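Novice: This is what each chain is made of:
Protein chains: 2
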Amino acid sequence: MTNQQTAKQQPIQLNGLNMEQLFQTLDAIKGDPSIADFEFRASNRWISGGENRSVIKEFYGAHCEDQSRTEAFVFSNGEPPVLLGNNEGANPVEFLLHALAGCVTTTTVLHAAARGIRIQELSTELDGQMDLQGLLALDDSAPIGYKQIRIRMSIKADCSDEELDELLAFTRDHSPVCNTVCKPVPVTVERVK
Amino acid sequence: MTNQQTAKQQPIQLNGLNMEQLFQTLDAIKGDPSIADFEFRASNRWISGGENRSVIKEFYGAHCEDQSRTEAFVFSNGEPPVLLGNNEGANPVEFLLHALAGCVTTTTVLHAAARGIRIQELSTELDGQMDLQGLLALDDSAPIGYKQIRIRMSIKADCSDEELDELLAFTRDHSPVCNTVCKPVPVTVERVK
Numbered sequence: 224m225t226n227q228q229t230a231k232q233q234p235i236q237l238n239g240l241n242m243e244q245l246f247q248t249l250d251a252i253k254g255d256p257s258i259a260d261f262e263f264r265a266s267n268r269w270i271s272g273g274e275n276r277s278v279i280k281e282f283y284g285a286h287c288e289d290q291s292r293t294e295a296f297v298f299s300n301g302e303p304p305v306l307l308g309n310n311e312g313a314n315p316v317e318f319l320l321h322a323l324a325g326c327v328t329t330t331t332v333l334h335a336a337a338r339g340i341r342i343q344e345l346s347t348e349l350d351g352q353m354d355l356q357g358l359l360a361l362d363d364s365a366p367i368g369y370k371q372i373r374i375r376m377s378i379k380a381d382c383s384d385e386e387l388d389e390l391l392a393f394t395r396d397h398s399p400v401c402n403t404v405c406k407p408v409p410v411t412v413e414r415v416k
Numbered sequence: 224m225t226n227q228q229t230a231k232q233q234p235i236q237l238n239g240l241n242m243e244q245l246f247q248t249l250d251a252i253k254g255d256p257s258i259a260d261f262e263f264r265a266s267n268r269w270i271s272g273g274e275n276r277s278v279i280k281e282f283y284g285a286h287c288e289d290q291s292r293t294e295a296f297v298f299s300n301g302e303p304p305v306l307l308g309n310n311e312g313a314n315p316v317e318f319l320l321h322a323l324a325g326c327v328t329t330t331t332v333l334h335a336a337a338r339g340i341r342i343q344e345l346s347t348e349l350d351g352q353m354d355l356q357g358l359l360a361l362d363d364s365a366p367i368g369y370k371q372i373r374i375r376m377s378i379k380a381d382c383s384d385e386e387l388d389e390l391l392a393f394t395r396d397h398s399p400v401c402n403t404v405c406k407p408v409p410v411t412v413e414r415v416k
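Line by line, the protein sequences give chains A and B.
All residue numbers for the first sequence refer to this note's numbering, where the first residue is 224 and numbers rise by one.
All residue numbers for the second sequence refer to this note's numbering, where the first residue is 224 and numbers rise by one.
Hints are supplied without guarantee of correctness; some may be wrong.
It does not matter which identical chain is meant; a pair holds if it fits inside one copy or across any two.
Calculated pairs, DSSO-like style, for lysine-lysine (alpha carbon to alpha carbon, straight line, at most 30 Å) [to be verified]: (1) LYS406 - LYS280; (2) LYS253 - LYS416; (3) LYS280 - LYS416; (4) LYS370 - LYS406; (5) LYS253 - LYS280; (6) LYS280 - LYS379.
Worth flagging that the hints you see were computed from the coordinates, not collected in a lab.
Quick caveat, the model's predicted, so the values are computed rather than measured.
Starting from the given sequences, assemble the full structure and let the hints guide the process.
Specialist: Shown next, in the form of structure tokens:
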């Protein structure tokens with residue numbers, strides 16, 4: 224096998240991302256920004272008490288309905304006994320931390336790749352504080368969602384500490400879940416009759 | 224077995240919730256609001272590309288570290304091929320919809336129980352729109368998180384339509400995940416050295 228054949232069969236990867244596809248995607252969006260319009264979806268059904276289950280499969284993006292998933296993802300929400308459940312699953316505010324951790328991680332990995340930074344290790348620890356008096360409507364002055372969320376990231380990469388700090392600040396400003404949390408996003412709840 | 228014995232062994236349930244425990248919890252918090260201070264946590268580790276994995280187990284609440292979970296919950300984030308992944312899991316912005324669906328559902332079920340409303344069926348469909356130019360830093364004017372999220376709820380319960388509409392408005396105002404999304408919540412990203 225010649226080197227040329229090897230190069231064709233093994234696209235250049237950085238941080239596990241296909242760099243050719245990444246730059247092609249960026250160029251395609253620059254040519255037609257509407258490619259970047261996405262809609263994500265979930266269906267959920269209540270089971271009992273604090274237990275309910277979501278099904279996630281279809282989404283729209285890059286001008287079409289995605290067809291890549293042959294099976295749906297299924298996730299159960301639950302509550303621990305202290306919150307009237309039986310640990311049927313993690314609870315919704317914990318799933319929000321999982322979403323936030325994943326988005327901050329992927330955003331970091333993506334923008335590191337675009338800058339040519341190779342990441343060796345990346346892990347995060349998240350904690351968020353909440354006063355349940357808000358949920359329970361026991362104190363109108365209590366904030367109802369998380370009061371704050373802290374993300375501590377350990378990262379090893381082939382760049383300077385200054386470049387890492389700049390990358391993390393950029394990540395915080397460009398992570399979709401982080402921005403959905405730290406900026407106000409309108410949510411409508413509509414009853415279907 | 225006498226009726227009295229049956230009543231002792233089977234606590235009164237409404238919507239799958241132990242009503243005795245619910246009202247005891249409310250009374251306890253009224254007596255000492257610090258019982259309602261909770262901290263939730265997640266740890267996450269990057270695997271490759273858009274794949275990473277969270278572990279969720281411990282949390283703090285009701286004045287102690289929870290000990291109810293013998294095993295951790297583990298969830299994988301992934302990305303579909305159009306977003307440079309291999310569908311290793313749902314993606315973070317989809318997990319956010321799962322968290323939101325679960326929280327709105329549980330908040331509805333809880334406050335319905337507190338009002339004596341019996342729910343027969345409850346399901347939701349969520350969709351959220353996003354312009355990926357924000358994430359990709361291709362257009363500074365593009366919003367970076369969800370532009371908006373719509374929740375459509377189908378609910379059957381033993382009350383009037385007016386009571387249901389009031390309950391849903393109350394849910395939207397008191398769901399912790401809904402409020403984390405629709406109000407600005409500070410998120411810090413700190414590099415651990």
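Novice: My question is about LYS280 and LYS416: at a cut-off of 30 Å on alpha-carbon distance, are they close within one copy, between copies, both, or neither?
Specialist: within (25 Å within a copy, 38 Å between copies)
Novice: With identical chains treated as interchangeable, where does the CA-CA distance between LYS253 and LYS416 reach 30 Å or less: within a copy, between copies, both, or neither?
Specialist: For LYS253 and LYS416, neither the intra-copy (42 Å) nor the inter-copy (37 Å) Cα distance is at most 30 Å.
Novice: Given identical chains, is LYS280 near LYS379, meaning Cα to Cα at most 30 Å, within a copy, between copies, both, or neither?
Specialist: between (34 Å within a copy, 26 Å between copies)
Novice: My question is about LYS253 and LYS280: at a cut-off of 30 Å on alpha-carbon distance, are they close within one copy, between copies, both, or neither?
Specialist: Classified as within: same-chain Cα gap 28 Å, cross-chain 43 Å, threshold 30 Å.
Novice: Within, between, both or neither: how does the pair LYS370, LYS406 come out at a Cα-Cα threshold of 30 Å?
Specialist: Answer is both; intra-copy 13 Å and inter-copy 10 Å each pass.
Novice: Treating 30 Å as the Cα threshold, decide for LYS406 and LYS280: within, between, both or neither.
Specialist: both (27 Å within a copy, 28 Å between copies)
Comparing the model with each numbered hint stated earlier shows that hint 2 is the single one that does not hold.
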